[in-house]
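Chemist: The lines below spell out each chain.
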Amino acid sequence: MATVADATTIAAPGRSQSAASGRAGSRLRRGMRRNAAGYLFLLPWLVGFFGLTLIPTIASLYLSFTDYDLLTAPRWNSGENYAYAFFQDGRFWSALGVTFHYVVWSVPLKLIVALALAMALDRGVRGISVYRAIFYLPSLLGSSVAVAVLWRQIFGDAGVVNQLLVLVGLNGPSWITHPDYALWTLIALAVWQFGSPMIIFLAGLRQIPQDLHEAAMMDGAGPVRRFLKITLPLLAPVIFFNLVLQTIDAFKAFTPAFIVSGGNGSPIDSTLFYSLYLYIEAFANFRMGYAAALAWILLVIISAFTALAFLTSRYWVYYEDEGR
Amino acid sequence: MSTAAATSPTRQIVRHGLLIAAALVMIYPLLWLISSSLKPENLIFNNLSLIPEKLQLDNYVEGWTALRFSFTRFFINSFLIAGLAVIGNLLACSLTAFAFARLNFRFKKFWFALMLGTLMLPYHVTLVPQYILFLHLGWVNTFLPLIVPKFLAVDSFFIFLMVQFFRGIPREIDEAAIMDGCSPWRIYWRIMLPLSTPVLATAAIFSFIWTYDDFLGPLIYLNDMRDYTVPLALRAFVDATGESRFGQLFAMSTLSLIPVFFVFLAFQRLIIRGVALGALKR
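Residue numbers (the working numbering), protein chains in the order written: chain A, 3 to 326; chain B, 724 to 1005.
So here's chain B without its partners, still in its complex pose (with noise of 0.2 Å):
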């Protein structure tokens, strides 16, 4: 084989040394973190050493209750809004690509041809004139603006995804149905949705992993600490305690993680097909 060259025992491991320092390089920030929220205030800033020398959980402990509410409350919040955020995308959103791949109706083309234009359209431009209108609605301080803009399928880019996977569907299988006289809800519910698994698990998990990762909404929309979600919370922290407590800043930060993670090992092979898809930019 010609890549004879390329696998000679000294440049694999060559190769592989420079991998394993860029990887180490690429984590290495992720392990401080976790070493200093194990380690006690005043060895974080003067030992490298990522082992702790004694494990101990104090920040974890006395960071989880810190503010005024505990991360119990900014946790469940989070989960709520992202959990529901989930739901009304992949109901919306499915809906709107089961109608532009599938059915036929006047203006089609049109409303396909607005659907992507928005995909283009930076958040900015509608930024200021939709806290208006949820201030005016009293839904400044609820969940409401993070939670219903995602039953009326706004994130286009879902429906992209969804539309560009449904198409892939053989057409035999629906005309099949609606020759058995198959209402078009049954067959987007009965027919369309079980054969779309993958799609609608790329969908939720990273409609889960922006919602729950989400600064700005939160920021914009959420003034009273009860509502807080985990972001708030930690920049709450940091505001907070300024310059000191680290440990338990760490310690927090720490946790606000480990969900993301735990999906991304889970589902690893969903996230890394969804981005090589070209269509996800994280």
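Okay, chain A solo, but in the shape it has when bound (with noise of 0.2 Å):
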């Protein structure tokens, strides 16, 4: 009896090996073959980021160490592009003030403009698709060269802004040609363009519980209170999403500026926005090193701005659901 035992014992963990080994095996050609499905799917993306995105941002990273003209090789010059950016480019330093201008000057009063008028399409206003359309509508046309070519004329000389202020009286500069004033035409072409911050802030407005206003009002606060106590802080995760979208954009703007400035910047690189100068380093000068270098200086600006907005937003993002 014990033999038999014995023999059923030994035999039952034999039969069970060769039974998982078999499971094992087709386990491992199951995974394989569901290896070999997902890589098949994943084909097309995976020939674009290495061929498009993760081998050119490497060739990127040294061609910025190097002087390229296209016509020959590469020449390595040891950060010499870095070193000219920073001491000796007066260039360089003007489009990155251009650009900081005009990103601290748009992204917030874009942001501004686009949070009232949510709050004043907010709720119990007819028509509000129309409007909503209408102030949607610039954002969607105002990337385009048509727009830019428009807005060339509107602030030009004899534009329209102009007829419009001999009408009271006043006489306009050429906004378009004067240093002083052409970025501002820029910015205000930025400002126009309110429309998709604000169907994201009627989308996060939506959110905030009617309930929390009545109460509120109940205990006698006005609407400035409100909007401080209630509204702000509820809308914080979405203000400080379309700040970090808005800013990024901001840094990478490019069309107007081409258009607006007749593709140099001018007049005297009022208008030299970044790209713009990183595009007339590239395709006009044939630098393609220095374009490169430039491209990875915008690269860590972008970073260093989307860090910052990051580490320090648990200081005034509220976010509803935090310690559940």
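No lab work stands behind these hints, which were simulated from the structure alone.
Even glycine gets a Cβ: it sits at the ideal position worked out from N, Cα and C.
A hint or two may mislead.
[Said to hold, decoys possible] Among the chain A residues that face chain B by a calculated CB cut under 10 Å, a handful are:
#1 41
#2 114
#3 132
#4 153
#5 205
#6 260
#7 276
#8 277
[Said to hold, decoys possible] Label-pair restraints from in silico Cβ distances:
#9 B/836 - A/45: 16 to 24 Å
#10 B/989 - A/182: 40 to 48 Å
#11 B/785 - A/163: 47 to 55 Å
#12 A/305 - B/902: 32 to 40 Å
#13 B/733 - A/209: 26 to 34 Å
From these two lone chains plus the hints, build me the complex, please.
Modeler: This is how it looks when you write it as structure tokens:
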């Protein structure tokens, strides 16, 4: 009896072992087939990721340390591009200055207008979809060359703005060709496109429970207090989101500056956006190495801004589900 | 209701008055563009009225053929590039998104993290090396640099959008299909795509608008006027005519805005919802 029992106990693990290895084998095969399917679906992206993103990014970092004019092989110049940008290139600093000026003014103005109109449209306005469509339309059309061309004429010497100023007895300058005002016409163009942050604000405002406002009104809180104590704090995550997105976008702006300035950042580099300067260095002066260095400097600036925004956000952005 | 105060007639009138004023300011530039395109040259800058005294389409007729090639050519180029870009983005991004949302394979999380990382990368960084690559491939002065990348899913933003949508489709549906012996390809093509028309439409609309409006790409890669897209042609118009022939320039500018305007009219709800999702910046 004991031997039979032993035999079965000995046999049993053996059988289960072989079954297990068979299962493991089929699982492996199934796993491989699954991997194959996964990677087959991923193939176009992988080719694009390596060929058009990862390798070019590395190449760009390498090129940023070289002189390269497309005709002769890149020549290593050990950081000269960066030294030149920071210590010798006045245009680099003015491009940086113009871009910062543009970002610092256009983004807050755009967000303030967007929030104001989102609040004006929130709840109980008849015809909200018509207003929303009209306010959003410039955002959709605004990045086109056609609108930049239009802007150039509106703020031109004999443009609409000056014609309207004449009606109130003022003589406007030629905004587009005046170095003090040219950048402001581009800021105005950016603010005119407040539609998409407005739509995001509208979605955010809908999330704020109406009873909070009602309770506050019962307690005698006026509209200003309710705005400061209810709307702003509860909207902080949405404001934060819009701020980060719009800032990164403003850093990258290119087309309006190119068209309004005629492609060279004129007058006197007052609309020389960073992207425009990079384009000129790469594709007009064929200084590919230097352009790559400019691109990496921009990457560092944008990353630093994004990191700063996220690091400071916990001090001013209140998330409702925190600590739950 | 507590909103009674806010809906008192005078407040409503004031509110609508302000909103209408704001709306007028917003669309005034566009109306001025259209109205100027219908006026004779000498009336554009000394007549503030938006309604032209007499409707004349001369600017449109003359502007259409003012450059070495006619705008027929430029519109065909633009639609060809934008159309192929839409197809490329839909195919490549949905394949990638399906893999990330539904298939299991080794290092999936790693690749997904890298894909999200590319969302943050400004285009400037890859601009120069990509140009060098396409130059060596002999693709400069062809449409290929503007189209082929879309078939390789470089717009990670659309992948992200589609992954989010695919994850919302109940898994029971594809599990049942697997039981029935469906291959991943059939699940993707026969089940996922048909169920995902809203996100596919959103991706198609925004890829069309962005590619159609794109200026930097064509500016870098297309040097021959034969290949110009509409934005490039408008810029050439400014350069060629300098400070004259504004009527024709405005007429062509108006025409160039019409495709995007109609897309907006037709798909307003999808576009607004897409923007409200917070993902689309324009």
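Chemist: Decide, hint by hint, whether the structure agrees.
Modeler: We went through each hint and held it up to the structure:
1. 41: Holds, about 6 Å.
2. 114: Because about 13 Å separates residue 114 of chain A from the closest Cβ in chain B, which is outside the 10 Å limit, the hint is violated.
3. 132: holds, 8 Å
4. 153: holds, 8 Å
5. 205: holds, 4 Å
6. 260: holds, 7 Å
7. 276: For residue 276 of chain A, the interface hint holds, since the closest Cβ of chain B sits about 9 Å away, which is under 10 Å.
8. 277: Since chain B brings a Cβ to about 7 Å from residue 277 of chain A, closer than 10 Å, the hint holds.
9. B/836 - A/45: 16 to 24 Å: holds, 19 Å
10. B/989 - A/182: 40 to 48 Å: holds, 43 Å
11. B/785 - A/163: 47 to 55 Å: violated, 27 Å
12. A/305 - B/902: 32 to 40 Å: Since the Cβ atoms of residue 305 of chain A and residue 902 of chain B sit about 47 Å apart, the hinted range of 32 to 40 Å is violated.
13. B/733 - A/209: 26 to 34 Å: Since residue 733 of chain B and residue 209 of chain A have Cβ atoms about 30 Å apart, the given range 26 to 34 Å holds.
Consistency note: the structure conflicts with the earlier hints numbered 2, 11, 12.
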